[in-house]
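Please work from the sequences and hints to get the whole structure.
In terms of the working numbering, the sequence shown is residues 74 to 315.
A portion of the hints provided could be inaccurate.
[As the list claims (entries may be wrong)] Taking lysine to any residue pairs in the SDA-like style, the calculated list, with each CA pair at most 20 Å apart, reads:
id, residue 1, residue 2
1, Lys126, Gly173
2, Lys131, Ala121
3, Lys87, Gly296
4, Lys126, Ala114
5, Lys131, Ala83
[What the hints assert, rightly or not] Per label pair, the in silico range of CB-to-CB distance:
id, residue 1, residue 2, range
6, Ala83, Asp146, 30 to 40 Å
7, Arg107, Gly147, 15 to 25 Å
8, Thr203, Ala233, 35 to 45 Å
9, Ala233, Cys145, 44 to 54 Å
10, Ala233, Asp174, 39 to 49 Å
11, Gln95, Gly147, 19 to 29 Å
12, Ala121, Leu225, 25 to 35 Å
13, Thr85, Ala121, 15 to 25 Å
14, Ala233, Val199, 40 to 50 Å
15, Arg179, Glu310, 41 to 51 Å
16, Thr202, Glu310, 38 to 48 Å
17, Thr205, Asp146, 28 to 38 Å
Honestly, the hints are just simulated from the structure, not real lab data. We treat Cβ as the ideally placed atom computed from N, Cα and C, and that holds for glycine.
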Amino acid sequence: AGRRSPVQAAFTNKELREIALQLDGVDVRLADPRHVTDLAAADAEEAATERSKRRQLKLWQQVVAAQQQRHCDGDGGAGGSDGRRRLIFHFLRSPVEMLGDESSGRVNAVVLQHNDLEGDAGQRHVRATTTTTTIDNVGLVFRSVGYRATPLPGVPFDAAANCVPNHYGRVLRATGGSGGGATDDDHEARRLYAAAAAGGNGDGGSDGDVVRRLYVCGWLKRGPSGIIGTNKFDAQETVDSI
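And the structure:
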């Protein structure tokens with residue numbers, strides 16, 4: 074279940090492509106295809122202004138097209154009569170209650186609250202409604218609320234980007250901060266990180282601005298995104314710097 078629409082979904086395109094189009098033996102579908110076929114004007118505008126979101130929307134459109142084709146072929150239900158697994162995305166929904174069997178202590182249903190989106194393109198926010206849907210026959214619930222890195226004492230930390238400022242994996246030096254929050258040291262770290270990310274070799278790439286023998290990779294280096302292949306490339310980049 075996602076609180077907002079497919080346009081605001083936090084997938085990378087590689088992640089969505091592998092999940093939605095390349096899982097053998099799995100039918101991927103939307104609980105309500107209209108969340109893709111009948112986008113609100115502000116969502117359509119948001120998708121049109123960013124290349125990655127345009128490409129992601131095309132992937133969702135492929136998912137819906139395949140779903141509609143299965144429906145035309147007489148396989149439109151959510152059951153698994155053909156033995157294939159179903160992965161169903163519920164957009165504009167927030168889980169608000171877990172229902173369970175008191176005798177066994179196990180969950181068996183989830184109540185989803187319906188949401189509307191308000192605001193301009195790129196600034197959409199959720200408005201809860203009073204409508205709910207109950208999903209029965211639930212056997213397992215995973216909680217996924219995002220990821221935030223934990224700053225390490227003495228290591229520069231960019232609180233805004235939620236990662237360690239670096240240049241190809243070499244940790245960039247702040248002016249003596251401990252990574253505790255939005256301090257002057259954080260602002261200095263962001264300045265160095267921005268210079269490095271822009272491709273310049275000035276402040277961001279000079280040896281005087283890196284912490285010797287300190288390197289970073291993975292989500293702490295770039296933020297929570299990507300697939301296994303992304304992490305391999307990311308790690309190799311840091312190894313090359315070493």
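Status of the hints after comparison with the structure:
This hinted pair does not check out: lysine 126 and glycine 173 have alpha carbons roughly 38 Å apart, beyond 20 Å. The suggested pairing of lysine 131 with alanine 121 holds, with an alpha-carbon distance near 11 Å, which does not exceed 20 Å. Of the supplied pair hints, the one linking lysine 87 and glycine 296 holds, its CA atoms being roughly 16 Å apart against a limit of 20 Å. With a C-alpha separation of about 15 Å, the suggested pair lysine 126 and alanine 114 falls inside the 20 Å cut-off, and the hint holds.
For a cut-off of 20 Å, the pair hint linking lysine 131 to alanine 83 stands: about 15 Å separates their Cα positions. Taken as a hint, the range 30 to 40 Å holds for the pair alanine 83 and aspartate 146, whose Cβ atoms sit roughly 32 Å apart. For arginine 107 paired with glycine 147, a C-beta distance near 21 Å keeps the hint of 15 to 25 Å intact. For threonine 203 and alanine 233, the Cβ-Cβ distance of about 36 Å falls inside the hinted range of 35 to 45 Å, so the restraint holds.
Taken as a hint, the range 44 to 54 Å holds for the pair alanine 233 and cysteine 145, whose Cβ atoms sit roughly 48 Å apart. A hinted range of 39 to 49 Å for the beta carbons of alanine 233 and aspartate 174 is consistent with their spacing of about 45 Å. A hinted range of 19 to 29 Å for the beta carbons of glutamine 95 and glycine 147 is consistent with their spacing of about 24 Å. A C-beta distance of roughly 41 Å is found between alanine 121 and leucine 225, which places it outside the suggested range of 25 to 35 Å.
Separation of threonine 85 from alanine 121 is about 19 Å and conforms to the stated range, judged on CB atoms against 15 to 25 Å. Hint check: alanine 233 to valine 199, Cβ distance near 23 Å, so the stated range 40 to 50 Å is violated. Under the hint 41 to 51 Å, the C-beta atoms of arginine 179 and glutamate 310, about 45 Å apart, fit the expected range. Remark: the range hint 38 to 48 Å for threonine 202 to glutamate 310 is upheld by a beta-carbon distance near 45 Å.
Separation of threonine 205 from aspartate 146 is about 32 Å and conforms to the stated range, judged on CB atoms against 28 to 38 Å.
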